[in-house]
Every structure is written in C-alpha cells, then in structure tokens.
Amino acid sequence: YGFWNRIGMSSLITDETFGVAITPHLKCEKINDRWLHGLNITAYLFWTFASVVGAVFGKYITNPDAFGLDFAITAMFIFLAVSQFDAIKQSQFKTYLVLIVC
1 YGFWNRIGMS SLITDETFGV AITPHLKCEK INDRWLHGLN ITAYLFWTFA SVVGAVFGKY
61 ITNPDAFGLD FAITAMFIFL AVSQFDAIKQ SQFKTYLVLI VC
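Numbering (the numbering used here) for the sequence shown: 1 to 102.
Simulated from the structure, these hints should not be mistaken for lab results.
A few of these clues could be false.
Beta-carbon label-pair distances, calculated as ranges [unchecked claim]: (1) ILE13 to LEU99: 18 to 24 Å; (2) TRP4 to ALA72: 40 to 46 Å; (3) VAL56 to HIS25: 35 to 41 Å.
Predicted model only: the values in this text are computed from it and were never measured.
Ideal placement from N, C-alpha and C gives every residue a C-beta, glycine not left out.
Turn these sequences into a full structure, and let the hints guide you.
In structure tokens form, the structure reads like this:
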C-alpha cells in the first residue's frame with residue numbers, strides 16, 4: 001500500500017474496526033485496502049451519527065441503568081473476542097488465551 005493509503009487506513013482505525021479486521025487475517029483470508037477503508041469509514045459515520053442522536057435525545061433517558069446501556073460496550077467487546085476465537089486454530093488457542101489473561 002502507498003503512503004497516503006496507509007495514512008488513511010490508520011487514521012480512522014478504532015478498537016472495534018481492528019477487532020473486525022483482524023478476524024479475516026486470523027483465518028488467513030486476504031483483505032484489501034478498499035474493504036478496510038469501507039470498514040473504517042462506515043464505523044466513523046455511524047459513530048458520528050450515534051453521537052449526534054445521543055446528544056439530541058440523551059436528555060430524554062432519565063434512567064439509563066434501566067436499559068442496560070452501561071453494558072453495551074462490554075457486550076460488543078465480548079462479541080469481538082468470541083468471533084476471533086472461532087478463527088483461531090486449536091493449536092494457537094492456549095497462546096492467545098494466556099495473552100488475553102495477562
């Protein structure tokens with residue numbers, strides 16, 4: 001990839017997009033720069049949209065604990081971890097598990 005292409009891919013990457021992008025890599029599948037740009041831009045646009053919606057309508061949620069919203073980010077990271085475990089070969093599972101625990 002060229003210099004500007006790498007700058008574009010790295011400037012928008014987040015924890016979530018990395019978690020999605022690493023799964024094909026663990027399965028030894030190839031991904032291209034267009035796919036990664038699409039992933040990053042889509043995540044960025046939805047993040048922006050959700051922030052605007054939260055800023056506008058958040059004041060109407062008087063008790064966010066009632067909806068379990070405090071667990072949403074934890075649930076997302078659990079899903080990303082589980083989806084990566086499916087892609088890991090059995091022989092590498094113990095190594096990755098030790099790395100995660102440490």
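A quick look at each hint next to the structure:
1. ILE13 to LEU99: 18 to 24 Å: About 20 Å separates the Cβ atoms of ILE13 and LEU99, which means 18 to 24 Å holds.
2. TRP4 to ALA72: 40 to 46 Å: The hinted range 40 to 46 Å is violated for TRP4 and ALA72, with Cβ atoms some 35 Å apart.
3. VAL56 to HIS25: 35 to 41 Å: holds, 37 Å
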